[in-house]
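Asks: Here is what each chain is made of, one letter per residue.
2 protein chains.
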Amino acid sequence: MEKLLKGNAVVAAIKEELLAEVANLKSHGIAPLMVIVRCGAKADDIAYENSAKKRFGDLGIGLNVVELPQNVEQGDFIRELRKLNEDKEVHGVLVFRPLPKQIDENVIKYHLDPIKDVDCLTPINIAKLFAGDSGGYPPCTPEAVIELLDFYGFDLTGKKVTLIGRSMVVGKPLAILLLQRHATVTICHTRTKDLAQTVRDADIVIAAAGSAKMIGSDFISSGQIVIDVGINVDQDGKLCGDVDFDAVVEKVAQITPVPGGIGTVTTSCLAKHLVDAAKNLSKI
Amino acid sequence: MEKLLKGNAVVAAIKEELLAEVANLKSHGIAPLMVIVRCGAKADDIAYENSAKKRFGDLGIGLNVVELPQNVEQGDFIRELRKLNEDKEVHGVLVFRPLPKQIDENVIKYHLDPIKDVDCLTPINIAKLFAGDSGGYPPCTPEAVIELLDFYGFDLTGKKVTLIGRSMVVGKPLAILLLQRHATVTICHTRTKDLAQTVRDADIVIAAAGSAKMIGSDFISSGQIVIDVGINVDQDGKLCGDVDFDAVVEKVAQITPVPGGIGTVTTSCLAKHLVDAAKNLSKI
Chain Z
1 MEKLLKGNAV VAAIKEELLA EVANLKSHGI APLMVIVRCG AKADDIAYEN SAKKRFGDLG
61 IGLNVVELPQ NVEQGDFIRE LRKLNEDKEV HGVLVFRPLP KQIDENVIKY HLDPIKDVDC
121 LTPINIAKLF AGDSGGYPPC TPEAVIELLD FYGFDLTGKK VTLIGRSMVV GKPLAILLLQ
181 RHATVTICHT RTKDLAQTVR DADIVIAAAG SAKMIGSDFI SSGQIVIDVG INVDQDGKLC
241 GDVDFDAVVE KVAQITPVPG GIGTVTTSCL AKHLVDAAKN LSKI
Chain C
1001 MEKLLKGNAV VAAIKEELLA EVANLKSHGI APLMVIVRCG AKADDIAYEN SAKKRFGDLG
1061 IGLNVVELPQ NVEQGDFIRE LRKLNEDKEV HGVLVFRPLP KQIDENVIKY HLDPIKDVDC
1121 LTPINIAKLF AGDSGGYPPC TPEAVIELLD FYGFDLTGKK VTLIGRSMVV GKPLAILLLQ
1181 RHATVTICHT RTKDLAQTVR DADIVIAAAG SAKMIGSDFI SSGQIVIDVG INVDQDGKLC
1241 GDVDFDAVVE KVAQITPVPG GIGTVTTSCL AKHLVDAAKN LSKI
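As they're listed, the protein sequences go chains Z and C. Residue numbering for the first sequence follows the working numbering, starting at 1 and increasing by one per position. Residue numbering for the second sequence follows the working numbering, starting at 1001 and increasing by one per position.
Bound conformation, chain Z alone:
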């Protein structure tokens, strides 16, 4: 049993599967294409974009970017989404969030066609996730957690999973996906009393709190499986997770590293959704 649950092995397995799917699409004359909608040019967005371009390129999937000015008006933003909805060459659309403050996510989320919504922005895909309807696309980060647990052969049935975080992008959708795998799920957050005890009681701990190294050794029981979804920057300017890796690594059975864990798998889930969208749209 390997101590480190690394993302790259999961990425390689998904890649193999997707290469075959992309080849099949191309043999039907379909060139899978995703479009990123980005407002302005934030460094984080550009970095993510470049890494997605590389990953998608390796898979033979096209990736275009629609760059809108940071001060784009909401009406213009919606017109862009509608153009992408109607464009038969485009199979999936990823809208970078957070959006500029003049753009109301609660308005624009109704304007993207759910069949092209590869990262669960639209209410229809959120409802499908909640209802366990596999016809939609769950958000990529929680799905990456499930992909990694599946890859490493964990059966979640009846396992006590404690989840730290209740956000719309990770905590809440992940709770639903874990319930579908028959885990007993406890959702903790900033208001939870005696968090350390609740985390110690779990078989599997999933940290998605967005707080650098908050899960220290006193939160961990020996032999636990720890999945770290956090991507933070520590005091020395280095990337780190929500878990204090060095403090817990000897105690746990297995743990995902940061970087190189869940974050690595997220873009593969996005690519998988894009391929599914291309198949759904072309009915292959």
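Hints were generated in silico from the structure; no laboratory data involved. One or more hints might be untrue.
[To be verified] Straight-line C-alpha distance at most 35 Å; calculated DSBU-like pairs for lysine-lysine:
| hint | chain 1 | residue 1 | chain 2 | residue 2 |
| --- | --- | --- | --- | --- |
| 1 | Z | Lys-26 | Z | Lys-283 |
| 2 | C | Lys-1283 | Z | Lys-83 |
| 3 | Z | Lys-6 | C | Lys-1193 |
| 4 | C | Lys-1193 | Z | Lys-3 |
| 5 | Z | Lys-88 | C | Lys-1083 |
| 6 | C | Lys-1026 | C | Lys-1083 |
| 7 | C | Lys-1251 | Z | Lys-193 |
| 8 | Z | Lys-3 | Z | Lys-54 |
| 9 | C | Lys-1053 | C | Lys-1042 |
Dock chain C against chain Z, hints included.
Replies: Leaving out everything else, chain C in the frame of chain Z:
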């Protein structure tokens, strides 16, 4: 402190609030009206219908019933929903479920106007619930639990709430509503290992398993608050909850009776949604 958390006190409080709202609507020339869509004439449906008629009548809210044959075709069913969507006199629509087998809920749920969807059938209202957008209407049974806990003055912040059941109509939506109240929520179900221990660890236990008297004394720690959402029939043909009331009543701090607990409050939540829908539709 009363031992029994009875529903009728909650109903009376909601009634007082709604009478004022209905009077205000009527002063603007609006007569709030709900329509039930029922297929066939099952005894349970008719019983619910009659009790809703009485409750709505007391509040001055109209209630009509569209009775369709048990073998109604899906196309005809959808046409009925569309007629109700367009009817300006109708403010809310309740579709009785389960539907006959030729009607696919996953199809028809897209055809009801979410603004008239008073019991969370439509994907848009499910997504609003999930996102914490108060513009929708949550399903009535989980909301009745929250109304009752609020009425009796429970602050859920940081409380350990264990929920037994993960259905689309109670368990999953209730988990979301409890998270919004800042509870630490554990969701258990048929695959949970050591259910009794997990239930004993909670501050508040909510049973929504649909299994007569399954929560016995060995599941309960003294001083717990117990909310029983189950409505079952026991071996003697009497109504009972998921909790073995007689076995646990001495041990718990407070408990909802069945009948006379959560079930009683559900129709009041439905009436509240109808009044909200009438206000939303007429922009009062």
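Asks: Please verify whether Lys-1251/C and Lys-193/Z have alpha carbons no more than 35 Å apart.
Replies: With a Cα-Cα distance of about 24 Å, the restraint between Lys-1251/C and Lys-193/Z holds, given a limit of 35 Å.
Asks: Holds or violated: are the alpha carbons of Lys-88/Z and Lys-1083/C at most 35 Å from each other?
Replies: 34 Å, holds
Asks: Hint check: Lys-26/Z vs Lys-283/Z, CA-CA at most 35 Å. Holds or violated?
Replies: 14 Å, holds
Asks: Are the Cα positions of Lys-1193/C and Lys-3/Z separated by 35 Å at most?
Replies: 26 Å, holds
Asks: Just to be careful, I want the Cα atoms of Lys-1026/C and Lys-1083/C compared with a cutoff of 35 Å; is the pair within it?
Replies: Between Lys-1026/C and Lys-1083/C the Cα gap is close to 24 Å, so the pair holds against 35 Å.
Asks: Between Lys-1283/C and Lys-83/Z, is the straight-line Cα distance small enough, at 35 Å or below?
Replies: Holds, at about 32 Å.
Asks: Assess, step by step, whether the Cα of Lys-3/Z is no farther than 35 Å from the Cα of Lys-54/Z, and give holds or violated.
Replies: 28 Å, holds
Asks: Between Lys-1053/C and Lys-1042/C, does the CA-CA distance stay at or below 35 Å?
Replies: 16 Å, holds
Asks: With the threshold set at 35 Å, check whether the alpha-carbon distance from Lys-6/Z to Lys-1193/C stays at or below it.
Replies: Satisfied, since the Cα-Cα distance of roughly 29 Å is no more than 35 Å.
Checked against the numbered hints above, the structure breaks none of them.
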